[in-house]
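Start from the sequences and build out the full structure, keeping to the hints where you can.
Protein chains: 2
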Amino acid sequence: MPKTILIVYAHPEPTSLTRRFVSESVKTLEQQGHTVLQSDLYGMGWKATFDESDFPSRINSDRLAFIQESEHAYTTNQQTQDVTTEQHKLLAADAVIFHFPLWWFGMPAILKGWIDRVYAYGFAYGYKGEGNRYRYGDGALKGKRALLSVMVGGPEDDYSPRGINGPLEELLFPITHGMLFFPGMDVLPTHAVYGTGKPSKAIVEKEIAAWRLRLEHLFNESPIPFRPQNDGEYQRNILAEHIAVGMTGLSIHIDN
Amino acid sequence: MPKTILIVYAHPEPTSLTRRFVSESVKTLEQQGHTVLQSDLYGMGWKATFDESDFPSRINSDRLAFIQESEHAYTTNQQTQDVTTEQHKLLAADAVIFHFPLWWFGMPAILKGWIDRVYAYGFAYGYKGEGNRYRYGDGALKGKRALLSVMVGGPEDDYSPRGINGPLEELLFPITHGMLFFPGMDVLPTHAVYGTGKPSKAIVEKEIAAWRLRLEHLFNESPIPFRPQNDGEYQRNILAEHIAVGMTGLSIHIDN
Numbered sequence: 001m002p003k004t005i006l007i008v009y010a011h012p013e014p015t016s017l018t019r020r021f022v023s024e025s026v027k028t029l030e031q032q033g034h035t036v037l038q039s040d041l042y043g044m045g046w047k048a049t050f051d052e053s054d055f056p057s058r059i060n061s062d063r064l065a066f067i068q069e070s071e072h073a074y075t076t077n078q079q080t081q082d083v084t085t086e087q088h089k090l091l092a093a094d095a096v097i098f099h100f101p102l103w104w105f106g107m108p109a110i111l112k113g114w115i116d117r118v119y120a121y122g123f124a125y126g127y128k129g130e131g132n133r134y135r136y137g138d139g140a141l142k143g144k145r146a147l148l149s150v151m152v153g154g155p156e157d158d159y160s161p162r163g164i165n166g167p168l169e170e171l172l173f174p175i176t177h178g179m180l181f182f183p184g185m186d187v188l189p190t191h192a193v194y195g196t197g198k199p200s201k202a203i204v205e206k207e208i209a210a211w212r213l214r215l216e217h218l219f220n221e222s223p224i225p226f227r228p229q230n231d232g233e234y235q236r237n238i239l240a241e242h243i244a245v246g247m248t249g250l251s252i253h254i255d256n
Numbered sequence: 001m002p003k004t005i006l007i008v009y010a011h012p013e014p015t016s017l018t019r020r021f022v023s024e025s026v027k028t029l030e031q032q033g034h035t036v037l038q039s040d041l042y043g044m045g046w047k048a049t050f051d052e053s054d055f056p057s058r059i060n061s062d063r064l065a066f067i068q069e070s071e072h073a074y075t076t077n078q079q080t081q082d083v084t085t086e087q088h089k090l091l092a093a094d095a096v097i098f099h100f101p102l103w104w105f106g107m108p109a110i111l112k113g114w115i116d117r118v119y120a121y122g123f124a125y126g127y128k129g130e131g132n133r134y135r136y137g138d139g140a141l142k143g144k145r146a147l148l149s150v151m152v153g154g155p156e157d158d159y160s161p162r163g164i165n166g167p168l169e170e171l172l173f174p175i176t177h178g179m180l181f182f183p184g185m186d187v188l189p190t191h192a193v194y195g196t197g198k199p200s201k202a203i204v205e206k207e208i209a210a211w212r213l214r215l216e217h218l219f220n221e222s223p224i225p226f227r228p229q230n231d232g233e234y235q236r237n238i239l240a241e242h243i244a245v246g247m248t249g250l251s252i253h254i255d256n
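In order, the protein sequence lines correspond to chains A and B.
End of the first sequence sits at 256 in UniProt numbering; the numbers just go up one at a time, nothing left out.
End of the second sequence sits at 256 in UniProt numbering; the numbers just go up one at a time, nothing left out.
Treat each hint with caution, since some may be false.
The list cannot tell twin chains apart, which means a pair is met if one copy fits it or any two copies do.
[As the list claims (entries may be wrong)] DSBU-like, lysine-lysine: derived pairs with alpha carbons at most 35 Å apart:
no., residue 1, residue 2
1, K201, K142
2, K128, K206
3, K89, K47
4, K201, K128
5, K3, K89
6, K198, K142
7, K89, K206
8, K198, K27
9, K198, K47
10, K198, K128
11, K27, K47
12, K142, K47
13, K142, K89
The hints are simulated quantities; they were obtained by calculation from the structure and are not laboratory data.
It should be emphasised that the depicted structure is a prediction, and the values quoted were computed from it without experimental measurement.
What follows is the structure, encoded as structure tokens:
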């Protein structure tokens, strides 16, 4: 069954490993008969900074309040064209893949700015104008799949369960849980390539093959079992006492 | 003893709560006799996107490799003026305070872009050209203090130890540990204000008073006890077996 996949990527160098992976994604997915949409953030000259120019027609021209202006622009169809285009791509997609280098344990600013600007009130949060009612497993992007493909300069040990940087998947929790599961997407385990400084040709080929395998299972792999907000495991947004008894931290929000 | 404090902030609206806190910081610190430096990222029109224009004189004009070009630009004094100015401010500061609204569980893109661009190789990482030798408690910014002042739209419960978003301090670990402790700074516990959507005037005054208290103790409060890389608690960048025995996750890197 052919699907539509949106690929969002953030690296300006066509010969970078990030872009090598993007090319592989496009090729592999199209060979499978899928439709691929692309958002080449550097190539598009994506505006990273969320600011007053995102609101050409303000509800309050005296004072810039982002949430109110975002809601107003979204609900009255007065967003900028670049933002609506990305929202339409997200809505058209069955899966979204993000390709980026890990910079300071997170996204490059240009990609964070894609989230900041595209994730309007009424769309990615405040869905149906109902505040936090629909989120974490529910929302406008419910049922779509999301997958991070991350290029990591440092060695894998540094990101291992007791590695000095912290485990990669926990460092990415604000993205996987907070940006992708939040508006409803099913998030697959992150695909990381480590030690990307100067990989040998053989290693690159091995890594590309491993990535191809992830792509082939994009629609049948099990997502990270984040706990949905609205399935009874939370009571007033706090994890119920009988679940993960006595524990705290990010990992309690995963039903392992 | 008068000190120098750098305030980096990311909100374009002068009447926002973020900017109210900035004003309070400037006033309180100057009243104490300190020197205050400011980086008003929106006001400066800070370029958020790290790209080829950051390297006016490339070591390799065929292929853009960020780390190599960053090292080259930094060591040969060929960075852009906006970046060197920020680096000089950081070096001049005894403490750095970041004021920003929490957007999607992290920094606004413009602030992430300040990190991406100012944190050059040789400066914030690869100190002395020695890869990862100096980091996590050691590096160019060693001995300085850092403090996040974060405006959070949602309620405090959602960020509590078992709250659905995850505990705030763990969500911010990539920043506090990964961006501030990494180049050597002592990081104070985050100062958060929750429910910043429409606070009453009384609540704002109460919050400002609480913030003033934090400012007054900026130089005698205890930092988060992140474990330094080079004090013997890590063996090849993995936490030694006898410490936090059998535990994993972000919190093991804090010596509580």
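Hint-by-hint comparison with the structure:
| no. | hint | verdict |
| --- | --- | --- |
| 1 | K201 / K142 | neither (39 Å within a copy, 38 Å between copies) |
| 2 | K128 / K206 | between (45 Å within a copy, 33 Å between copies) |
| 3 | K89 / K47 | both (17 Å within a copy, 26 Å between copies) |
| 4 | K201 / K128 | between (49 Å within a copy, 29 Å between copies) |
| 5 | K3 / K89 | within (13 Å within a copy, 51 Å between copies) |
| 6 | K198 / K142 | between (39 Å within a copy, 29 Å between copies) |
| 7 | K89 / K206 | within (31 Å within a copy, 44 Å between copies) |
| 8 | K198 / K27 | within (24 Å within a copy, 49 Å between copies) |
| 9 | K198 / K47 | both (30 Å within a copy, 28 Å between copies) |
| 10 | K198 / K128 | between (47 Å within a copy, 20 Å between copies) |
| 11 | K27 / K47 | both (28 Å within a copy, 34 Å between copies) |
| 12 | K142 / K47 | both (27 Å within a copy, 34 Å between copies) |
| 13 | K142 / K89 | within (14 Å within a copy, 45 Å between copies) |
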